[in-house]
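Enquirer: What follows is each chain in one-letter form.
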Amino acid sequence: MSVYLDHAATTPMFDVAIDAMNTSLRKLGNPSSLHTEGRSTRKDVEDAREKIARAIDCQSSEIIFTGSGTEANNAAIKGLFWHSDKKVILISSIEHHAVLDPAHWLVEHEGAQLIEIPVTPDGVIDLEYVKKTVADRGSEIALISVMHSNNETGVIQPIADLVKIAGDIPVHCDAVQSFTKVPLSFKQLGLFSMTISGHKVGGPLGIGALILRRAVEIPALLHGGGQERDIRSGTLNAPSIVALAAAVEAKLYNAAEVASLRDAFEAGVLATRPDAVINGKSADRLPGISNITFPGTQSDSLLLLMDSQKVSCSTGAACTAGVHRPSHVLMAMGLTDVVSQSSLRFSFGSTNSQADVDYALSVLPDVIERGLAANAVGKK
Amino acid sequence: MKIIAAMSGGVDSAVAAARAVEAGHEVIGVHLALSSNPQKYRSGARGCCTIEDSHDARRAADVIGIPFYIWDMADEFHEGVVENFMSEYKAGRTPNPCLRCNEKIKFAAVLDRAKAMGFDGVVTGHYARTEETDNGRTLHRAVDPLKDQSYVLAVLNREQINGAIFPLGDTEKVDIRIEAEARGLAVAQKPDSHDICFVPSGDNAGWLRDRMGSEVGPIVDQDGNKLGEHKGAYTYTIGQRKGLGLTVPTADGSPRFVLSIEPVTNTVVVGAREDLAVTSMRGERPIFCGPEIGAAPLRGFVQVRAHGAALDCTYYLDNDQLVAELDAPLLGLATGQAMVIYDGDRVVGSATICETA
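Just so you know, the protein sequences line up as chains L and X, in that order. Just so we're aligned, residue 1 is where the first sequence starts under this note's numbering, counting upward by one. Just so we're aligned, residue 1 is where the second sequence starts under this note's numbering, counting upward by one.
In the DSSO-like style, the derived pairs of lysine-lysine whose C-alpha atoms are separated by at most 30 Å in a straight line are:
# : chain 1 : residue 1 : chain 2 : residue 2
1 : X       : K242      : X       : K226
2 : X       : K242      : X       : K147
3 : L       : K43       : L       : K251
4 : L       : K310      : X       : K2
5 : X       : K115      : L       : K310
6 : X       : K173      : X       : K147
For the record, the hints were derived by calculation from the structure and aren't laboratory data.
Given only the sequences and the hints, what does the whole structure look like? Please build it.
Expert: Below, the structure written as structure tokens:
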């Protein structure tokens with residue numbers, strides 16, 4: 001038996017998405033061409049755009065297709081910064097690297113000043129801090145960026161409240177983990193821009209989208225044919241766009257079911273290891289993500305042992321060399337680097353069942369015992 | 001058996017892992033990240049532990065078809081190997097960090113962690129052989145004399161040798177490359193790594209000066225007469241002739257050699273070539289790879305450098321120190337080096353040289 005508990009990294013593609021993609025792959029025509037084939041592919045793309053717009057509750061013209069969530073976040077962070085004559089970027093301390101790194105790049109190369117919003121021990125941004133910062137320095141802030149939910153802990157952030165506090169300041173939201181998992185309305189949140197990604201929602205890799213208010217025209221990262229509102233150039237990836245729309249339209253994600261699997265798993269973990277700590281447990285969380293600290297272990301050992309028992313999970317952060325690193329998210333929540341390196345992320349999805357939970361729980365006690373022993377010899 | 005294959009990203013460890021799989025073991029590939037600030041690319045034959053090496057190791061594991069992980073041993077490596085390298089030089093001795101790495105990292109930190117996690121041993125691409133005898137497992141030279149690495153493995157005790165698998169000891173290096181090619185391993189023609197992996201420039205003296213400063217001190221003859229100045233005694237090696245920059249020539253014009261390094265007074269002592277001659281050596285903290293020896297003199301060979309000659313000697317244990325008396329004198333032997341005793345091609349044991357005469 002093998003059990004995949006890493007849906008936050010990537011999800012299996014839904015059959016409906018694979019089928020839609022296969023059909024589109026066999027079809028000829030550049031959506032920007034003016035002839036019959038081109039118009040036919042263009043129709044597919046625009047049908048898909050409308051389906052996705054319905055799922056996000058935005059206008060279809062607000063969707064800018066990109067090659068990934070990372071590209072969409074880069075386009076938003078850099079674009080909103082360049083769009084403004086202000087220099088301060090306000091982001092949460094728990095952002096994904098696709099937001100953190102462009103922000104740091106702007107500091108190093110474009111004279112930006114970065115302010116990070118701290119989080120509570122449960123991993124929720126400190127709105128009082130935002131209020132104070134906006135009150136003190138609002139006129140200097142070019143943009144605010146906070147993720148809709150955190151990719152390591154699943155903790156959902158108070159975006160609607162944040163937008164209210166921000167007032168006229170543009171707010172970007174990385175909603176890659178939340179999209180299709182929890183209710184999400186671009187319009188109701190009042191955001192300037194938002195990011196989604198295909199492979200986190202049962203769609204294909206290599207497709208993402210920046211949702212950007214119609215009136216906001218930010219400078220482009222990629223210049224060329226001007227396909228997507230002159231903000232993103234490049235031939236439209238019709239098969240992936242069509243497949244993403246099919247995955248979203250099918251509404252195959254059953255949040256209640258996924259949450260009950262996650263809860264059953266967490267209850268089982270705490271029954272075997274009462275010293276385990278579920279990070280962000282008392283906050284509002286995504287249905288599928290569980291981040292657990294196993295004191296006295298090292299998560300890279302645990303991952304190896306889980307993997308050898310055919311259970312796939314994640315240690316969170318790794319550097320370019322593949323070396324496991326303390327998670328900036330858990331450390332922002334107040335964990336020490338040692339404790340943060342004792343944590344594993346299990347993320348559940350539509351393809352999981354109670355049998356998966358039972359199996360993962362059955363191998364866990366031995367894995368933890370061996371992990372404790374491995375860590376103990378390291379301390380010698 | 002369930003074993004960990006330590007994979008550096010080079011051709012030897014890749015073939016060793018593949019052979020272990022073929023021998024029927026359940027193998028998991030592990031790359032040791034030994035630097036907390038790795039370089040992106042290798043420069044020629046020097047260094048290892050770059051990001052490129054870790055990618056090469058991963059690719060080899062994928063081609064062989066085994067799971068692959070990276071273990072962060074940077075702290076252990078820094079404490080056990082790099083700091084030891086510096087403190088040994090500071091104390092006027094000449095250490096061999098590869099030996100220390102085998103002793104403290106590959107067959108200690110890694111082997112211990114592997115055993116705690118339920119594995120039976122560690123397979124590496126070292127060129128050495130083991131044999132099962134009535135006295136337990138013994139360590140032997142590889143069949144390829146140019147690649148033989150038994151010297152740097154002679155710091156392993158019996159328990160460590162029991163947990164080690166060296167699948168390459170019976171093969172010549174040239175055949176390992178051919179085998180790697182046949183197995184579809186892209187590292188087949190990757191250059192061998194030489195020198196010290198954490199000194200990628202190959203300039204040990206410069207590396208030491210950068211980290212330990214270069215305090216000027218005297219270069220003197222055996223009578224204490226000052227002949228010149230040096231920039232940090234620890235950057236000199238016993239037997240060194242070049243780079244002394246002496247301005248006072250000898251009476252007969254013969255060259256001078258470094259005879260000793262005195263760290264406390266930051267003094268380098270030089271003298272004539274014949275004054276380098278050593279006929280006996282003592283080593284502290286002896287380690288026996290097989291059966292222990294006693295005070296009774298035995299005949300065998302001693303080797304004092306990784307690819308040095310095996311010198312005929314009589315050896316015995318005296319007050320917990322290993323003593324080797326050479327049949328013929330040896331020129332230039334630094335304390336801190338490892339003396340490794342061989343009985344034929346079998347490694348008897350090793351010790352760190354603390355005294356020469």
